[in-house]
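S.K.: What follows is the residue order along each chain.
There are 2 protein chains.
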Amino acid sequence: MAENEDLYAAQSSEPDTVTEITPKSEDFSRWYIDIVRRAELGDYTPVRGCMVIRPYGYALWENSRDRLDARLKATGHQNAYFPMFIPESLLKKEAEHVEGFAPEVAWVTHGGDEPLEERLAVRPTSEAIICSLYSKWVKSWRDLPLLINQWANIVRWEKVTKFFLRTLEFLWQEGHTVHATEQEAEEETLRILEIYRDFMESDLAIPVITGLKSESEKFAGALRTYTLEAMMGDGRALQAGTSHNLGQNFAKAFNIRFEDQDQQLKYAWTTSWGVTTRLMGALIMAHGDDKGLMLPPKVAPYQVVIVPIPGKHFTESVLPAARSLQDMLTAEGFRVHLDAREEYTPGWKYNEWELRGVPVRAEIGPRDVGKGQAVLVRRDNREKAFVPLDQIPDEVRALLDSLQQSMYDRAKQFMGDQTRQVSDYETFGEIMSGPRGFIEAGWCGDSDCENTIQEETRATIRCLPSGREAPAGSCVRCDNPAKHLAIFAKAY
Amino acid sequence: MAENEDLYAAQSSEPDTVTEITPKSEDFSRWYIDIVRRAELGDYTPVRGCMVIRPYGYALWENSRDRLDARLKATGHQNAYFPMFIPESLLKKEAEHVEGFAPEVAWVTHGGDEPLEERLAVRPTSEAIICSLYSKWVKSWRDLPLLINQWANIVRWEKVTKFFLRTLEFLWQEGHTVHATEQEAEEETLRILEIYRDFMESDLAIPVITGLKSESEKFAGALRTYTLEAMMGDGRALQAGTSHNLGQNFAKAFNIRFEDQDQQLKYAWTTSWGVTTRLMGALIMAHGDDKGLMLPPKVAPYQVVIVPIPGKHFTESVLPAARSLQDMLTAEGFRVHLDAREEYTPGWKYNEWELRGVPVRAEIGPRDVGKGQAVLVRRDNREKAFVPLDQIPDEVRALLDSLQQSMYDRAKQFMGDQTRQVSDYETFGEIMSGPRGFIEAGWCGDSDCENTIQEETRATIRCLPSGREAPAGSCVRCDNPAKHLAIFAKAY
Chain H
1 MAENEDLYAA QSSEPDTVTE ITPKSEDFSR WYIDIVRRAE LGDYTPVRGC
51 MVIRPYGYAL WENSRDRLDA RLKATGHQNA YFPMFIPESL LKKEAEHVEG
101 FAPEVAWVTH GGDEPLEERL AVRPTSEAII CSLYSKWVKS WRDLPLLINQ
151 WANIVRWEKV TKFFLRTLEF LWQEGHTVHA TEQEAEEETL RILEIYRDFM
201 ESDLAIPVIT GLKSESEKFA GALRTYTLEA MMGDGRALQA GTSHNLGQNF
251 AKAFNIRFED QDQQLKYAWT TSWGVTTRLM GALIMAHGDD KGLMLPPKVA
301 PYQVVIVPIP GKHFTESVLP AARSLQDMLT AEGFRVHLDA REEYTPGWKY
351 NEWELRGVPV RAEIGPRDVG KGQAVLVRRD NREKAFVPLD QIPDEVRALL
401 DSLQQSMYDR AKQFMGDQTR QVSDYETFGE IMSGPRGFIE AGWCGDSDCE
451 NTIQEETRAT IRCLPSGREA PAGSCVRCDN PAKHLAIFAK AY
Chain G
1 MAENEDLYAA QSSEPDTVTE ITPKSEDFSR WYIDIVRRAE LGDYTPVRGC
51 MVIRPYGYAL WENSRDRLDA RLKATGHQNA YFPMFIPESL LKKEAEHVEG
101 FAPEVAWVTH GGDEPLEERL AVRPTSEAII CSLYSKWVKS WRDLPLLINQ
151 WANIVRWEKV TKFFLRTLEF LWQEGHTVHA TEQEAEEETL RILEIYRDFM
201 ESDLAIPVIT GLKSESEKFA GALRTYTLEA MMGDGRALQA GTSHNLGQNF
251 AKAFNIRFED QDQQLKYAWT TSWGVTTRLM GALIMAHGDD KGLMLPPKVA
301 PYQVVIVPIP GKHFTESVLP AARSLQDMLT AEGFRVHLDA REEYTPGWKY
351 NEWELRGVPV RAEIGPRDVG KGQAVLVRRD NREKAFVPLD QIPDEVRALL
401 DSLQQSMYDR AKQFMGDQTR QVSDYETFGE IMSGPRGFIE AGWCGDSDCE
451 NTIQEETRAT IRCLPSGREA PAGSCVRCDN PAKHLAIFAK AY
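Residue numbers (the numbering used here), protein chains in the order written: chain H, 1 to 492; chain G, 1 to 492.
Do not rely on the hints blindly, as some may be mistaken.
[To be verified] Each computed DSBU-like pair below joins lysine-lysine, with the alpha-carbon atoms no more than 30 Å apart: (1) H:Lys298 with G:Lys73; (2) G:Lys159 with H:Lys159; (3) H:Lys136 with G:Lys159; (4) G:Lys266 with H:Lys349; (5) G:Lys266 with H:Lys73; (6) G:Lys218 with H:Lys349; (7) G:Lys218 with G:Lys291; (8) H:Lys24 with G:Lys139; (9) H:Lys139 with G:Lys24; (10) G:Lys139 with H:Lys136; (11) G:Lys136 with H:Lys349; (12) H:Lys136 with G:Lys24; (13) H:Lys291 with G:Lys139; (14) H:Lys92 with G:Lys93; (15) H:Lys139 with G:Lys291; (16) H:Lys73 with G:Lys298; (17) G:Lys93 with H:Lys159; (18) H:Lys266 with G:Lys349; (19) G:Lys136 with H:Lys24; (20) G:Lys24 with H:Lys298; (21) H:Lys136 with G:Lys349.
Hints are computed from structural coordinates only; laboratory data are not their basis.
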């Protein structure tokens, strides 16, 4: 299938429901769509380019959101809510910013039957509206730093869309902070980068490479953009989050000034940063296998699914035992689901919950009840263990920890295996048209050269990784000396 | 001031910051605006009719949201996220529905530089988009009930706006459920009404009257609308939430059908229900006093504020004692703020945190440190108590419980005092142009009569209260017999 097909264009020919998942090795893109729909993470809608996030997908987002939100609050950030509409004149105040976003803006032109005097942008990002308020709130050094985050919906009028990864409307958090000095703004930008890294690696089990974006890939209006790049199961990169040092560009455009301790009126320094629901796509593509989803225990909607096995004394003994197991695990703080439906067989349920990526399955049948045990099966390697009931909470805890760690290790190993040092352009091209993955190569720093590489290979510079020096020798594409080590990849 | 002035129209003449609060008794409307701005709950924005919810106001919303969300999840509802844009043709499928909402819709007509083939409504409510997906997901009786809730932003193009109570954009939750039978749909509608009542009374300390809306006040497209009506400090009513039994109207318009256990294909029954950020306005107006906000402990952003008193050994002993008190209370699960700013006096801080409605203040000075105690002051009656440090967690818990209960009792008492049984129309008019409040009166059931009452007195029927019978005698306005007991009030 085409690499950048519009998944919504295919909708009219899609069946209402998906019954089987295309194997990952056969067609990665089809596998991805099948999982989204079959596992009920999301679905098509009658609105072009807009998806619905179904309860199972939304629970995954809620769990992820809550864990990131706790980290942001622990570092002094507070949530707020700003208007979704941005008057056109306001959006135009920062020149590079509007140039970058104008082509993607959805415009509201009428309210009820009345045409508006000035049309309103549906926020493609909120710097303009937020900075216009910060210019009113920030008066003195005492008001700084100002550390505000917002969880909101965003609209960008994309031509080509894909479930979670690129949709006209999506959900995100956007932090917007104001600082007294350049150094504090840079420290904040990097603090957030580190919070994101820890969140992605510890909670989502997705290893990332951090570094600077090149000039042509940085945020419209930023001084510097830092990024976190993850590798998906097909060897493509996914930009998992960005943190921007905006310098004084927005402070000057929106007049954010403060009286400093030396009584001088100064322009402030601002940052902004965000991650989006595309991380749900990353979870699917970083961890899934031919059986379906595989979800990291820390964010999985259900960490344990209990399947009672039909047979003798089902209602009198097996079902009550399953319920009491559910109660015990719930009381211990686990997220547990009991699948007691009678219209499906245990085998069907095993497949179903493997497909939906539940980390641990607990089976309990008549013989297990007699022996005071249950069978625990982990999602990744399907290892089985017969565990006495009173040891189940401890064993589940150990299994979830172990699974969380192995998922990360496996993804890290894969990223390492798919990262190649390349110095000649022919090899570069072969890799990009073959196995893909990350290529570490020298780059001259010239954006024309960067563009040529993209035109010829469809690979882009994902980042200039932090703390890495330029390799000796010349740029991978031209004869000029390498100024930077760059990581190239084809990206979502 | 005018009763329904547009607060945003006044913006250009408003100062950037508010320093003093107008007394409540002097000008309730001005008092309300002053509190919103001075307590930093919200502020004006450059977008007509749209407010910003500042961190202190948003924390209040988050706490409220989380407590309601937990109740909805405990009763089997799951969250999801549906597109914000609704194609015009979809919105038009249910005739009464579009008629009710079309005048308030904001329309997106352009994406980037391209005019759209079909314009898109920014959701004024989501029945249309959600039902269009339900028609795809619901196939069999096994899929029912379908119990989904969404937390989202909503846009209604209002002419006249007021902080929190009526803004072009606001936040809410909207539940949308599908059931196999009429009875189950009605049970769900009433179950939600009861969840809302408990949430408002137990968590927000706001007593409510529940009942049916009259035909002219019900939701556009509904069979029946149940409402919860609260009383504000100026004797006006505020509609605090609604729960709609939609009958089969939307199921028929959007073709939501299922194969029942008897193999027959049947139209389903649906409900929808919501509460919004206007509840934050209700919190201000139900509980505030001349000093400012008064927040119920269960949802207050900070339950305790600690003010260390300057003096001898401040840095060596008082501040560390304050910090250790903060740690102790935080560890016990309280939401605590330590105001250690040195540029403000204790007296200034007392006023500040009373104004911001913090339930309990803890003062600790050099003498208190010596005695191993702190001074606790509660926000409502300003009673002081000297409490040994090791008893503070228990005492704070008791104070918060007591305060939560007294706030509810006081509001309940006020609502009772301001509710009058009236049978003659002259008295009715005098009350509505005087003290206002709720009037319980007989009503003939005729909507012309209802409209006449509104035109003449500006009072509307808030609800036909549950479980109350029509009074003997005639309608309060006409000579026809009273069919219902109705509660009338001027409303926000």
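S.K.: All hints, please: hold or fail.
M.R.: Each hint, compared with the structure:
Between Lys298 (chain H) and Lys73 (chain G) the CA atoms are separated by roughly 19 Å; this keeps the pair inside 30 Å, and the hint holds. The hinted pair formed by Lys159 (chain G) and Lys159 (chain H) fails the criterion: a straight-line CA distance of about 35 Å is larger than 30 Å. For the given pair, Lys136 (chain H) sits about 26 Å from Lys159 (chain G) by alpha-carbon distance, which is consistent with the 30 Å threshold. Between Lys266 (chain G) and Lys349 (chain H) the CA atoms are separated by roughly 28 Å; this keeps the pair inside 30 Å, and the hint holds.
Taking the CA atoms of Lys266 (chain G) and Lys73 (chain H), the gap is near 49 Å; set against the 30 Å cutoff, the hint is violated. Only pairs whose Cα atoms come within 30 Å are accepted, and Lys218 (chain G) paired with Lys349 (chain H) is rejected, the gap being roughly 44 Å. Restraint check for Lys218 (chain G) and Lys291 (chain G): the C-alpha separation of about 38 Å exceeds 30 Å, so the hint is violated. As the CA atoms of Lys24 (chain H) and Lys139 (chain G) are separated by approximately 29 Å, the hinted pair is consistent with the 30 Å bound.
Of the supplied pair hints, the one linking Lys139 (chain H) and Lys24 (chain G) holds, its CA atoms being roughly 29 Å apart against a limit of 30 Å. Straight-line distance between C-alpha atoms of Lys139 (chain G) and Lys136 (chain H) comes to about 54 Å, which puts the hinted pair past the 30 Å bound. Of the supplied pair hints, the one linking Lys136 (chain G) and Lys349 (chain H) holds, its CA atoms being roughly 23 Å apart against a limit of 30 Å. Under the criterion of a C-alpha separation no larger than 30 Å, the hint pairing Lys136 (chain H) with Lys24 (chain G) is consistent with the structure, at around 27 Å.
Proximity of Lys291 (chain H) to Lys139 (chain G) is assessed by CA-CA distance (about 26 Å); at most 30 Å being required, the pair is judged to hold. For the given pair, Lys92 (chain H) sits about 38 Å from Lys93 (chain G) by alpha-carbon distance, which is inconsistent with the 30 Å threshold. Restraint check for Lys139 (chain H) and Lys291 (chain G): the C-alpha separation of about 25 Å stays at or below 30 Å, so the hint holds. Proposed proximity of Lys73 (chain H) and Lys298 (chain G) is supported: the alpha carbons are some 19 Å apart, at most 30 Å.
A C-alpha spacing of about 28 Å is found between Lys93 (chain G) and Lys159 (chain H), which places the hinted pair at or below 30 Å, so the restraint holds. Distance hint between Lys266 (chain H) and Lys349 (chain G) is fulfilled; the C-alpha atoms sit about 28 Å from each other, no more than 30 Å. For the hint linking Lys136 (chain G) to Lys24 (chain H), the alpha-carbon distance of about 27 Å falls within 30 Å, and the restraint holds. Simply put, Lys24 (chain G) and Lys298 (chain H) have alpha-carbon atoms about 49 Å apart, too far for the 30 Å limit, and the pair is violated.
Proximity of Lys136 (chain H) to Lys349 (chain G) is assessed by CA-CA distance (about 23 Å); at most 30 Å being required, the pair is judged to hold.
Of the numbered hints given earlier, the model fails hints 2, 5, 6, 7, 10, 14, 20; all others are met.
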